[in-house]
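**Student:** Given the coordinates of chain A, work out where chain B should sit on it, guided by the hints.
There are 2 protein chains.
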Amino acid sequence: MGKFLTSREENYSQWYNELVVKADLAENSAVRGCMVIKPYGFAIWEKMKDALDQMFKDTGHENAYFPLFIPKSFFSKEAAHVEGFAKECAVVTHYRLRNKADGTGIEVDPDAKLEEELIVRPTSETIIWNTYKNWIQSYRDLPILVNQWANVVRWEMRTRLFLRTAEFLWQEGHTAHATKQEAIDETVQMINVYAEFAEKFMAMPVIMGHKTENERFAGALDTYCIEALMQDGKALQSGTSHFLGQNFAKAFDVKFSNKEGKLDYVWASSWGVSTRLMGALVMAHSDDNGLVLPPKLAPYQVVIVPIYKGEDQYRTVLEAGNKIKDQLKEYGISVKFDMRDTHKPGWKFAEYELKGVPVRLALGARDLENGTIEVARRDTLEKNTYPQEGIAKVVKDLLNEIQENIYQKAFKYRAEHTFSADTLEEFKDILDNKGGFVYAHWDGTAETELKIKEDTKATIRCIPVDNKLEEGKCIYTGKPSAQRVLFAKAY
Amino acid sequence: MGKFLTSREENYSQWYNELVVKADLAENSAVRGCMVIKPYGFAIWEKMKDALDQMFKDTGHENAYFPLFIPKSFFSKEAAHVEGFAKECAVVTHYRLRNKADGTGIEVDPDAKLEEELIVRPTSETIIWNTYKNWIQSYRDLPILVNQWANVVRWEMRTRLFLRTAEFLWQEGHTAHATKQEAIDETVQMINVYAEFAEKFMAMPVIMGHKTENERFAGALDTYCIEALMQDGKALQSGTSHFLGQNFAKAFDVKFSNKEGKLDYVWASSWGVSTRLMGALVMAHSDDNGLVLPPKLAPYQVVIVPIYKGEDQYRTVLEAGNKIKDQLKEYGISVKFDMRDTHKPGWKFAEYELKGVPVRLALGARDLENGTIEVARRDTLEKNTYPQEGIAKVVKDLLNEIQENIYQKAFKYRAEHTFSADTLEEFKDILDNKGGFVYAHWDGTAETELKIKEDTKATIRCIPVDNKLEEGKCIYTGKPSAQRVLFAKAY
Numbered sequence: 052m053g054k055f056l057t058s059r060e061e062n063y064s065q066w067y068n069e070l071v072v073k074a075d076l077a078e079n080s081a082v083r084g085c086m087v088i089k090p091y092g093f094a095i096w097e098k099m100k101d102a103l104d105q106m107f108k109d110t111g112h113e114n115a116y117f118p119l120f121i122p123k124s125f126f127s128k129e130a131a132h133v134e135g136f137a138k139e140c141a142v143v144t145h146y147r148l149r150n151k152a153d154g155t156g157i158e159v160d161p162d163a164k165l166e167e168e169l170i171v172r173p174t175s176e177t178i179i180w181n182t183y184k185n186w187i188q189s190y191r192d193l194p195i196l197v198n199q200w201a202n203v204v205r206w207e208m209r210t211r212l213f214l215r216t217a218e219f220l221w222q223e224g225h226t227a228h229a230t231k232q233e234a235i236d237e238t239v240q241m242i243n244v245y246a247e248f249a250e251k252f253m254a255m256p257v258i259m260g261h262k263t264e265n266e267r268f269a270g271a272l273d274t275y276c277i278e279a280l281m282q283d284g285k286a287l288q289s290g291t292s293h294f295l296g297q298n299f300a301k302a303f304d305v306k307f308s309n310k311e312g313k314l315d316y317v318w319a320s321s322w323g324v325s326t327r328l329m330g331a332l333v334m335a336h337s338d339d340n341g342l343v344l345p346p347k348l349a350p351y352q353v354v355i356v357p358i359y360k361g362e363d364q365y366r367t368v369l370e371a372g373n374k375i376k377d378q379l380k381e382y383g384i385s386v387k388f389d390m391r392d393t394h395k396p397g398w399k400f401a402e403y404e405l406k407g408v409p410v411r412l413a414l415g416a417r418d419l420e421n422g423t424i425e426v427a428r429r430d431t432l433e434k435n436t437y438p439q440e441g442i443a444k445v446v447k448d449l450l451n452e453i454q455e456n457i458y459q460k461a462f463k464y465r466a467e468h469t470f471s472a473d474t475l476e477e478f479k480d481i482l483d484n485k486g487g488f489v490y491a492h493w494d495g496t497a498e499t500e501l502k503i504k505e506d507t508k509a510t511i512r513c514i515p516v517d518n519k520l521e522e523g524k525c526i527y528t529g530k531p532s533a534q535r536v537l538f539a540k541a542y
Numbered sequence: 052m053g054k055f056l057t058s059r060e061e062n063y064s065q066w067y068n069e070l071v072v073k074a075d076l077a078e079n080s081a082v083r084g085c086m087v088i089k090p091y092g093f094a095i096w097e098k099m100k101d102a103l104d105q106m107f108k109d110t111g112h113e114n115a116y117f118p119l120f121i122p123k124s125f126f127s128k129e130a131a132h133v134e135g136f137a138k139e140c141a142v143v144t145h146y147r148l149r150n151k152a153d154g155t156g157i158e159v160d161p162d163a164k165l166e167e168e169l170i171v172r173p174t175s176e177t178i179i180w181n182t183y184k185n186w187i188q189s190y191r192d193l194p195i196l197v198n199q200w201a202n203v204v205r206w207e208m209r210t211r212l213f214l215r216t217a218e219f220l221w222q223e224g225h226t227a228h229a230t231k232q233e234a235i236d237e238t239v240q241m242i243n244v245y246a247e248f249a250e251k252f253m254a255m256p257v258i259m260g261h262k263t264e265n266e267r268f269a270g271a272l273d274t275y276c277i278e279a280l281m282q283d284g285k286a287l288q289s290g291t292s293h294f295l296g297q298n299f300a301k302a303f304d305v306k307f308s309n310k311e312g313k314l315d316y317v318w319a320s321s322w323g324v325s326t327r328l329m330g331a332l333v334m335a336h337s338d339d340n341g342l343v344l345p346p347k348l349a350p351y352q353v354v355i356v357p358i359y360k361g362e363d364q365y366r367t368v369l370e371a372g373n374k375i376k377d378q379l380k381e382y383g384i385s386v387k388f389d390m391r392d393t394h395k396p397g398w399k400f401a402e403y404e405l406k407g408v409p410v411r412l413a414l415g416a417r418d419l420e421n422g423t424i425e426v427a428r429r430d431t432l433e434k435n436t437y438p439q440e441g442i443a444k445v446v447k448d449l450l451n452e453i454q455e456n457i458y459q460k461a462f463k464y465r466a467e468h469t470f471s472a473d474t475l476e477e478f479k480d481i482l483d484n485k486g487g488f489v490y491a492h493w494d495g496t497a498e499t500e501l502k503i504k505e506d507t508k509a510t511i512r513c514i515p516v517d518n519k520l521e522e523g524k525c526i527y528t529g530k531p532s533a534q535r536v537l538f539a540k541a542y
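Going down the list, the protein sequences come from chains A and B.
Here this note's numbering is used: position 80 in the first sequence is 131, and no number is missing along the way.
Here this note's numbering is used: position 486 in the second sequence is 537, and no number is missing along the way.
Chain A on its own, in the form it takes in the complex (with noise of 0.2 Å):
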């Protein structure tokens, strides 16, 4: 194992790819913009996906699963959705294969070609919104509150692990309403889940708002985002939720008749977040040994690594080891005692920093003379030593002060590089030097928005829910504007 990552100062965007394969999260495939997701890298997944899952069902939601393949005219359906997707995809156009007639291995069978070809989903909105046209009736049939986990295909050119893959795993939501206000409600209802999430388990401060009209989802009349600020001072999008209007019901012909009897067309929102999360979870947190992890995602919390010399210390270790796991576990800590003998304590202790194990516990042969443990906190490096006895309540209290102080280390590093500008200047001078977000006045153009994007490359990541109304003059065109919005470069 090489322990040793490029800094992130040296080069932040290699420090990232160097952390995720070397902590084993995940590698590239065989296949081009495809990932592999390692035991490691998956196992933090499955804790997002168990917490977000349960928060899903909390709220009224199901899961279902519909098909991979999405028929191509389905795309057309929607005007601004065939615009926005049915572009860099997969496409389907043959279902066999034969053997070359000089057996020199297997060629598409050109008497197998689709009458129309089939689209692997970049996003399910379509064959969803087919499907829900059978379901809905009446008003009796809504709401529905619908969820799937799924791989979708988007056909990246530039990809990078977690972060824009070919194929990623998601969660897309779907809701079918009676009403305007229930599909809105749903919608931001769903948005303040996912910042809960990235708040409560990832320790990932978010800033929630709208997009504009330009960065909005395809087919979308609104979409709600979260964005979190990495460490080199760049915004990355966490989570979506867009109020469809009727758009798709419109698009696939899905009409309820409402208590009074009369048809209306139903009202929509999607939602979904991403393996793009581990990618943020890596960058919001992790430093030059390797990742740091909040406690509520790592695969495990703890870590206990023996010393020891010879037979005899070797059985003591394991006997107090197990004492104590036991003793963890009794406190619902998850917990991996590594007692193999093909690795020297201190590759372990590099191994373990390097995959971002919050607290790693260390009993040597002094220490069970003296009933003590070496306790080492991931997040700020600090050691200490603390008697055997109760040193579950001290790791889970301490594992609560990680979780928090995480948090709040990332709270403070987005507080510093968050700003204020009045001038393209003085715009221009933030993001070059500093890095991070900027509040600035925007004239509300689309047009402006991509100027403003192409001289400086920073985007509008979102015109936050909570902004305060602000006269001003807009950074690029001079032109008045009734609130700052949010920029930063990005992801």
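Rather than coming from a laboratory, the hints here were simulated on the basis of the structure.
Errors might be hidden in some of the hints.
As the list makes no split between identical chains, a pair holds if one copy fits it or if it spans any two.
What the hints assert, rightly or not - Derived EDC-like pairs: lysine to aspartate or glutamate, alpha-carbon spacing no greater than 16 Å straight-line:
#1 K128 <-> E158
#2 K184 <-> D315
#3 K376 <-> E425
#4 K164 <-> E139
#5 K108 <-> D273
#6 K184 <-> E78
#7 K138 <-> D162
#8 K98 <-> E113
#9 K508 <-> E266
#10 K406 <-> E69
#11 K406 <-> D389
#12 K310 <-> D392
#13 K151 <-> E167
#14 K164 <-> E207
#15 K399 <-> E425
#16 K387 <-> E139
#17 K504 <-> E264
#18 K184 <-> D304
#19 K387 <-> E113
#20 K387 <-> D109
Quick caveat, the model's predicted, so the values are computed rather than measured.
**Tutor:** Just chain B, lined up with the frame of chain A:
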């Protein structure tokens, strides 16, 4: 809701098709051969998944995720595998669509043709062993005990919901070992896990055995399976575990240095179960009134249906129902209290019977006066009245009894439909007039196996692991045989 189903006797196949749709388990989608798994069906699959996932983790396995796509050339690397798998599958040939010149929609962009076609995974041995090549250098890297939950696609021409669909959900375990014995032990361990799951959770007795060479997984040296008997006397293969020898290691050049420093190829197993189990669950237990679910897999184990008139009764019944609901929850019972005023009690009774909810509690005005409640069990359709006091304990015991009773009923059915045949005539007579499993002698050749299949439509389901040796003569050729094997017509 149309309650009435075609009866099993009238048309078993139609009964199944109607039941799956009417009980809201699944339906056909707009994409040929692909199903939509509806929330109620998916909730059952989630219960299965959770139970299996825990069993996999308890036996030391971790989850990971590998690409959806497999390069075409990978399939040619293992000779037997390509014959078995690479033919009927979805082939991705292009990665972009474009607007049609005449503005009438979108079409495949001929400039975006892939250099090498990608196959949507029908199973993942090839891509996984290509990945393991980089994970394995030394015996220290072994064993690898990895499982993947995923969707797979096999282009089936004749599909049936859950039983045979183009896309289905499954798990596939892929393990790598330093020794042959360890890989065999793993293969056996996992077929035992499947058998335990089938019997304890699905309440479905199974027979465990080896597949004949003919029916083996493409690329395996030995395939273990579990076989269950459906109510129409046909068998359903419900899980397989394969000892792959060094075949895939050789195909993908995966070697490791053993403790003595010598290079050797890695040994492998793979094992899987799929959403096909949903079909097995339906067909093993359900009756002409609808689903019969084992309590351990029911999305909710108990439903409370209130019967009331007027506002006063509404309030009393709501209060009493909530109290009972809370008591049941304290006993770890999942419960739905259906207070909807959009549907009448009779409708609800039929609905929950159709959906196989194990226990139904009905709470009416007279019950409120008497402090009683009506308890109906789905498996026997028996009804009894109990005091509300202590009802949770009664229901808890009843759920255990139902789980056991469903198993016993299926066990009894199987016992009554398991036969021995000593002549081909007897064999055919059983298959034609009784159905079920038939133990018969076979000469051990693939040729005879195929002839029996052509002649009778019955296949060798397995050579049971607990088979006693018994000399006899092949029912087809009269040649000597050392043991009977298990035949049946099968799904």
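**Student:** A separate judgement is required for each hint: does it hold in the structure or not?
**Tutor:** Against the structure, the hints:
Taking the closest pair of Cα atoms, K128 and E158 come within 16 Å of each other only across two copies (14 Å); inside a single copy the shortest separation is 34 Å, beyond that limit. Proximity of K184 and D315 under a CA criterion of 16 Å is satisfied intra-copy only: 13 Å inside one chain copy versus 57 Å between copies. In the homo-oligomer, the alpha carbons of K376 and E425 lie at most 16 Å apart inside one protomer (14 Å), although the nearest pairing across protomers, at 48 Å, exceeds that limit. For the identical chains of this complex, K164 and E139 are inter-copy neighbours only, at 12 Å across copies versus 21 Å inside a copy, given an alpha-carbon limit of 16 Å.
Taking the closest pair of Cα atoms, K108 and D273 never come within 16 Å of each other, the shortest separation being 24 Å inside a single copy and 42 Å across copies. Taking CA atoms no more than 16 Å apart as the test, K184 paired with E78 passes between copies only; the shortest distance there is 13 Å, against 40 Å inside one copy. Within a single copy, K138 and D162 get their C-alpha atoms only as close as 26 Å, which misses the 16 Å cut-off; across copies the closest is 13 Å, which meets it. For the homomeric pair K98 and E113, the shortest alpha-carbon distance between copies (13 Å) is at most 16 Å, but the shortest distance inside one copy (19 Å) is not.
With identical chains, the CA atoms of K508 and E266 are at most 16 Å apart within one copy only, with a shortest distance of 14 Å there and 60 Å across copies. For the homomeric pair K406 and E69, the shortest alpha-carbon distance inside one copy (12 Å) is at most 16 Å, but the shortest distance between copies (51 Å) is not. Taking identical chains as interchangeable, the C-alpha atoms of K406 and D389 lie at most 16 Å apart only when both belong to the same chain, with a minimum of 14 Å there against 48 Å between chains. With identical chains, the CA atoms of K310 and D392 are at most 16 Å apart between copies only, with a shortest distance of 14 Å across copies and 71 Å within one.
Taking the shortest Cα distances, K151 and E167 sit within 16 Å of each other only across copies (15 Å), while inside one copy they are farther apart (25 Å). Proximity of K164 and E207 under a CA criterion of 16 Å is satisfied inter-copy only: 15 Å between copies versus 25 Å inside one chain copy. For the identical chains of this complex, K399 and E425 are intra-copy neighbours only, at 15 Å inside a copy versus 61 Å across copies, given an alpha-carbon limit of 16 Å. In this assembly of identical chains, K387 and E139 lie within 16 Å of each other by CA distance neither inside one copy nor across copies; the values are 43 Å within and 44 Å between.
For the homomeric pair K504 and E264, the shortest alpha-carbon distance inside one copy (15 Å) is at most 16 Å, but the shortest distance between copies (64 Å) is not. Proximity of K184 and D304 under a CA criterion of 16 Å is satisfied intra-copy only: 7 Å inside one chain copy versus 51 Å between copies. In this homomeric assembly, K387 and E113 come within 16 Å of each other (Cα to Cα) only across copies, at 14 Å, whereas the closest approach inside a single copy is 34 Å. Taking the closest pair of Cα atoms, K387 and D109 come within 16 Å of each other only across two copies (14 Å); inside a single copy the shortest separation is 31 Å, beyond that limit.
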